[in-house]
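Undergrad: Listed below are the residues making up each chain.
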Amino acid sequence: MSGIHFKDVIKRFDHHIVVDHLNLKINQGDILGLLGPNGAGKSTCIHMLCGLLPIDYGDITINDISVKQHVLEAKKLIGVVPQHIALYDHLSAEENVTFFAKLYGLKGNQLKENVANALQFVRLYDLRHEKITRFSEGQKRRLNIACAVAHNPAYLIMDEPTVCIDPQSRNHILESVKELNKQGTTVIYISHYIEEIKVLCNQIAILDHGQLIANGTKKELLSQLDLHEKVYIQVSSLMNSAAKEELENHMQVSNVLWENQQLEITLQSAQLILQDILFLLSKYEISVQSLHIEKVDLETLFLNLTSGTSHQ
Amino acid sequence: MRHIALISKNELLQVFRSWPLALIIFALPFMLIFIISMTSSVNIMIYEEGYVETKSTMQSTHSGAEPTIASTTNENTLSINEINVEQVTALSPLQYYTASTLVTCILFQGLGAAISIIDERKDKTFTRLRMLPMKTSTILTGKLVGNALICLIQSLWIIMISTLLFQVDWGQHIEILTITCLLTICISMLIALHVTFLFQSVKVIYSFFYTFIIVMTFISGGMIKDLSNQLEFIGSYTVHHWAFKSLLQGMLDYHILEAMYHIIPLMGTAMMLYIIALIGYRKVDFYK
Ligand SMILES: Nc1ncnc2c1ncn2[C@@H]1O[C@H](COP(=O)(O)OP(=O)(O)OP(=O)(O)O)[C@@H](O)[C@H]1O
Ligand SMILES: [Mg+2]
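Going line by line, the protein sequences match chains A and B.
According to the working numbering, the first sequence holds residues 1 to 312 in order.
According to the working numbering, the second sequence holds residues 1001 to 1288 in order.
Hints may be right or wrong, so weigh each one.
Stated by the list, open to error - In the DSSO-like style, the derived pairs of lysine-lysine whose C-alpha atoms are separated by at most 27 angstroms in a straight line are:
1) B/1124 <-> A/68
2) A/112 <-> B/1124
3) B/1009 <-> A/107
4) A/140 <-> B/1288
5) A/76 <-> B/1283
6) A/107 <-> B/1288
7) B/1009 <-> A/112
8) B/1288 <-> A/198
9) A/283 <-> B/1009
10) B/1009 <-> A/131
11) B/1203 <-> A/102
12) A/107 <-> B/1135
13) B/1009 <-> A/68
14) B/1009 <-> A/7
15) B/1283 <-> A/131
16) A/76 <-> B/1122
17) A/7 <-> B/1135
18) A/76 <-> B/1203
19) B/1122 <-> A/131
20) A/68 <-> B/1283
21) A/68 <-> B/1135
22) A/140 <-> B/1124
23) A/102 <-> B/1122
24) A/140 <-> B/1009
25) B/1283 <-> A/112
26) A/102 <-> B/1009
27) A/76 <-> B/1288
28) A/102 <-> B/1124
29) A/140 <-> B/1122
Hints were generated in silico from the structure; no laboratory data involved.
Throw the hints in and build the complete structure from the sequences for me.
TA: Encoded structure:
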């Protein structure tokens, strides 16, 4: 069975559980977006996956190779973009990529070709001979990515790869990751930019306090959860209790807030009952000045699931 | 093997591409020897006594007594070639202090190795290397081999410069010189490894090495020749002492078997440090 499989994984740091019975499967060919607030345990999962940290309980398999038992074999299949920049200052951009690619066993023409491709991947080919001490933070971040892709890994793990990177290069990187994925690379993508996850990933997992609280395609996640949309209406009159009560009694409406001239209605789906609301308001001779519908998207979903909190 | 070679090569590049480090490695021993050569006229005064002793011992060996190791317990000032009694050479102060400089420089390169390991752990590149398909011990070995090579290059440099520019005679027995240098380099690297197992702060490591090496050089007589008896006694059980005396024996053209008296303790120390490193390695948490 190919793919990456977290099987009931537990990790503790001094009796403090950081990853809690994690069961997660990433199929070959997928791009998994891993979301979670700071300190949720995302990086810890990755560190266990690439053998940096021992797994306290359970196991992780990559293409059925157990990380616990055959860590070196398992590590050959992956490329990791670490969360922190990890490059050698005394080497040029090209030398950095070459060094890591060589450690993965690349040689000769293959090495040269892959290094050039990796540098093009992050748009640093023109700066390949520059010492990286002259690089900006964003350029270093891009090189950090290049060092992880040069050996064409079957599984690419990216831990917040696009922090500090300008929008042009970010788009380019996202496109390139998609391209890599088309060529068969499976990707685990950790990010706090929900937009990125939205455009890139076909599978999403949300981690909070080390527990997997949601997992599935974007559509599945949104439908699984009984989430509501919000309609904000700017009205002409102050609170009208009769109108408010009637609104609240509507089957689909779950909550109504009326402050000054601002009406906030929480409901299942605005599309279905917008007509009803407008009709009701006109019945009470309340005119609508402006109207805004807040759709449920990944961000609201994420904030909802993780209660919008971030750990220390 | 390939991994070790790549990492050690990277280590060499790291040092030789940074001019302050390269300067320290190449210029500092040169300057030390130069200063010594400038002040050696003063030292000769100290040595006159030794030289006289040399002469008297020479006479005593000539008068029938079997030349034994016991008759040369005062090796650093006495100078008798046991193999060829006819050929009597004395150690010049320049030889004495150059040998001491060589040992000190090798031991100090351990500081370089330790700092390099700690820096790498701080820079996150160590973590990145650990994500690659190789063992942590391979990474550490690679780094130590790299630093050992730097150390070897520096030793060759010291020997070359001192021979060519200051006419320091390192003796006929290249093997004593080679074995002593290699063993001292191993010990220096292993000490570096232990230090990084114990401490994570660059400052602490600096203080440790400075104190450790300066004290060791001092009590083994590498700074001031005549020390009090107690100090000399303690000093005769240090790495610096064994390496230093073994080098002096090489300079005095002793037979390698006699130099073994100092080389064997060096070997023992290296072995012991290696075994402790193997045990200690399992207890270190590299995830910090
Ligand atoms: N070496 C360590 N010792 C003790 N606790 C640790 C260690 N490393 C991480 N932790 C704890 O583990 C938890 C998870 O950390 P982790 O780095 O996995 O979070 P994360 O989800 O990657 O967060 P971020 O989004 O900030 O990168 C945190 O609460 C952190 O304090
Ligand atoms: Mg993280």
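Undergrad: Next, verify each hint and record whether it holds.
TA: Here's how the hints hold up against the structure:
Note on residue 1124 of chain B and residue 68 of chain A: the hinted pairing holds, with a Cα-Cα distance of about 23 angstroms set against a maximum of 27 angstroms. Restraint check: the Cα-Cα separation between residue 112 of chain A and residue 1124 of chain B comes to about 26 angstroms, which is no more than 27 angstroms; the hinted pair holds. The hinted pair formed by residue 1009 of chain B and residue 107 of chain A meets the criterion: a straight-line CA distance of about 16 angstroms does not exceed 27 angstroms. A distance of roughly 23 angstroms separates the Cα atoms of residue 140 of chain A and residue 1288 of chain B; the hinted pair therefore holds under the 27 angstroms criterion.
Restraint check for residue 76 of chain A and residue 1283 of chain B: the C-alpha separation of about 26 angstroms stays at or below 27 angstroms, so the hint holds. Among the hinted pairs, residue 107 of chain A with residue 1288 of chain B is inconsistent with the structure: their alpha-carbon atoms are about 33 angstroms apart, more than 27 angstroms. A C-alpha spacing of about 19 angstroms is found between residue 1009 of chain B and residue 112 of chain A, which places the hinted pair at or below 27 angstroms, so the restraint holds. Under the criterion of a C-alpha separation no larger than 27 angstroms, the hint pairing residue 1288 of chain B with residue 198 of chain A is inconsistent with the structure, at around 33 angstroms.
For the suggested pair residue 283 of chain A and residue 1009 of chain B, the alpha carbons sit about 83 angstroms apart, so the restraint of at most 27 angstroms is broken. About 18 angstroms separates the Cα atoms of residue 1009 of chain B and residue 131 of chain A, which keeps this hinted pair within 27 angstroms; it holds. For the hint pairing residue 1203 of chain B with residue 102 of chain A, the CA-to-CA distance comes to about 34 angstroms; that exceeds 27 angstroms, so the pair is violated. Only pairs whose Cα atoms come within 27 angstroms are accepted, and residue 107 of chain A paired with residue 1135 of chain B is accepted, the gap being roughly 21 angstroms.
Pair hint residue 1009 of chain B plus residue 68 of chain A does not hold up; C-alpha atoms about 31 angstroms apart against a cutoff of 27 angstroms. With a C-alpha separation of about 40 angstroms, the suggested pair residue 1009 of chain B and residue 7 of chain A falls outside the 27 angstroms cut-off, and the hint is violated. As the CA atoms of residue 1283 of chain B and residue 131 of chain A are separated by approximately 37 angstroms, the hinted pair breaks the 27 angstroms bound. Note on residue 76 of chain A and residue 1122 of chain B: the hinted pairing holds, with a Cα-Cα distance of about 25 angstroms set against a maximum of 27 angstroms.
In summary, the hint linking residue 7 of chain A to residue 1135 of chain B is supported, as the alpha carbons are separated by about 24 angstroms, within the 27 angstroms threshold. With a C-alpha separation of about 37 angstroms, the suggested pairing of residue 76 of chain A with residue 1203 of chain B is violated against the 27 angstroms cut-off. Under the criterion of a C-alpha separation no larger than 27 angstroms, the hint pairing residue 1122 of chain B with residue 131 of chain A is consistent with the structure, at around 20 angstroms. As the CA atoms of residue 68 of chain A and residue 1283 of chain B are separated by approximately 18 angstroms, the hinted pair is consistent with the 27 angstroms bound.
With a C-alpha separation of about 14 angstroms, the suggested pairing of residue 68 of chain A with residue 1135 of chain B holds against the 27 angstroms cut-off. Of the supplied pair hints, the one linking residue 140 of chain A and residue 1124 of chain B holds, its CA atoms being roughly 14 angstroms apart against a limit of 27 angstroms. Pair hint residue 102 of chain A plus residue 1122 of chain B holds up; C-alpha atoms about 23 angstroms apart against a cutoff of 27 angstroms. Pair hint residue 140 of chain A plus residue 1009 of chain B holds up; C-alpha atoms about 23 angstroms apart against a cutoff of 27 angstroms.
Restraint check: the Cα-Cα separation between residue 1283 of chain B and residue 112 of chain A comes to about 40 angstroms, which exceeds 27 angstroms; the hinted pair is violated. Restraint check for residue 102 of chain A and residue 1009 of chain B: the C-alpha separation of about 12 angstroms stays at or below 27 angstroms, so the hint holds. At most 27 angstroms may separate the alpha-carbon atoms for a hinted pair to count; residue 76 of chain A and residue 1288 of chain B meet this at roughly 24 angstroms. Between residue 102 of chain A and residue 1124 of chain B the CA atoms are separated by roughly 19 angstroms; this keeps the pair inside 27 angstroms, and the hint holds.
A distance of roughly 17 angstroms separates the Cα atoms of residue 140 of chain A and residue 1122 of chain B; the hinted pair therefore holds under the 27 angstroms criterion.
The structure is inconsistent with the numbered hints 6, 8, 9, 11, 13, 14, 15, 18, 25, although it conforms to all the rest.
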